[in-house]
Amino acid sequence: MALLVNIGHDGWYTDTELADELRGLMPGADIRTLENPGDLADITVLAVSKLRADLPGQLPNLALVQKLGAGVETIVAHPALAPHVQVARLKPLEPAREIAQYCLTYVLAGQRNVAAHAASQARAAWEPLAPKQNHKTRVGVLGMGHIGGLTAELMRDLGFEVHGWSRSPKRVEGVICHHGDAALAELLGHCDYVCSILPSTAETRGLFDRNRLAQMKPGATLINAGRGDLIDEPALIAALDQGQPAQAVLDVLCTEPLPQNDPLWHHPGVIITPHVSGWHLGNALQDVVENYRRQSQGEPLLHAVDRSRGY
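Throughout the sequence shown, residue numbering follows my numbering, covering 1 to 311 in sequence.
Think of the hints as simulated: they come from the structure by calculation, not from any bench.
It is possible that some hints are incorrect.
In silico BS3-like pairs for lysine-lysine, Cα to Cα no more than 30 Å straight-line [unchecked claim]: (1) K132 to K50; (2) K91 to K170; (3) K136 to K50; (4) K136 to K170; (5) K50 to K91; (6) K217 to K170; (7) K91 to K132.
Computed Cβ-Cβ distance ranges for the label pairs, DEER-style [said to hold, decoys possible]: (8) L158 to A116: 44 to 52 Å; (9) L25 to W265: 21 to 29 Å; (10) Q286 to A202: 25 to 33 Å; (11) L129 to A185: 26 to 34 Å; (12) G28 to A202: 20 to 28 Å; (13) Q133 to Q215: 21 to 29 Å; (14) A182 to D42: 24 to 32 Å; (15) S308 to L129: 35 to 43 Å; (16) E35 to H179: 41 to 49 Å; (17) W279 to S308: 27 to 35 Å.
Ideal Cβ placement from N, Cα and C applies to all residues, glycine included.
Could you build all of it, start to finish, from the sequences and the hints given here?
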């Protein structure tokens, strides 16, 4: 058996860098990249960030696709991935904390009027503005799993009134938890900031359509660090033009990289970052090592994905 590393996109680790790190954690293991893949029939485990269209068909003995991250929607729906191939994802602490900090960055920027002060400086104008108070500010977190739970706790610990939303009931100390469709509309109408950290599933794709965006509080900020296809982007532009919400911070987009002619780049109510909210893997490569061992021994995997549910 062998493990093939293929990140599948640029702008992050290289295949060689990641393969070298894994070799350091698994001395003696057969770890390859496409630069020197050897006999592809040896490959039983494939470690990817984005799964190439043509790759599964070249690996006749593939048994496991290990996602180097959390989102697996494009992998479980991959048309060339045989039904028997298992999929596992990562649930590392370090990038989860980074995503929580990303959301907090833009919440605090709003609280401290960062954009307004920058505009004043550009005009050489001395224009004091009162900061907003955290305890008078409502922050909503959509998706109360591993990442969303950390995000909600971080906001709570800084004194915000935090509302969490999920499909099923959750309990987080100090967080007002909601669940179900009816509760989502109420949360959106009350929160000053909404941090979306939901996965892409049949139920969440296009969640923020024209009707849902109209439920948001006028003047609110929508922060999306989940998946790009949660938002109907043309509907978002129309909603921003009406001030409901007033601003969108987008780390994930429907098309990545975002085309240069896309109107989101130049909309005054939009801040775009290039999918960088959760960057470092931290100790998550230990889980890759463990799943490589478990797959070879026929044991249950860490963070196995239900391909029928998409997560």
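To see whether the hints hold, each was checked on the structure:
1. K132 to K50: Status violated; Cα separation ~40 Å.
2. K91 to K170: holds, 18 Å
3. K136 to K50: The hint is violated at about 41 Å.
4. K136 to K170: holds, 24 Å
5. K50 to K91: holds, 17 Å
6. K217 to K170: holds, 24 Å
7. K91 to K132: violated, 34 Å
8. L158 to A116: 44 to 52 Å: Taking Cβ atoms as reference, L158 and A116 lie about 21 Å apart, which means the hint is violated.
9. L25 to W265: 21 to 29 Å: violated, 40 Å
10. Q286 to A202: 25 to 33 Å: About 32 Å separates the Cβ atoms of Q286 and A202, which means 25 to 33 Å holds.
11. L129 to A185: 26 to 34 Å: Cβ of L129 to Cβ of A185: about 31 Å, so the range 26 to 34 Å holds.
12. G28 to A202: 20 to 28 Å: For A202 against G28, whose Cβ atoms are near 42 Å apart, the range 20 to 28 Å is violated.
13. Q133 to Q215: 21 to 29 Å: holds, 25 Å
14. A182 to D42: 24 to 32 Å: violated, 52 Å
15. S308 to L129: 35 to 43 Å: violated, 51 Å
16. E35 to H179: 41 to 49 Å: holds, 47 Å
17. W279 to S308: 27 to 35 Å: Cβ of W279 to Cβ of S308: about 30 Å, so the range 27 to 35 Å holds.
Hint compliance for this structure: hints 1, 3, 7, 8, 9, 12, 14 and 15 are broken, all remaining hints hold.
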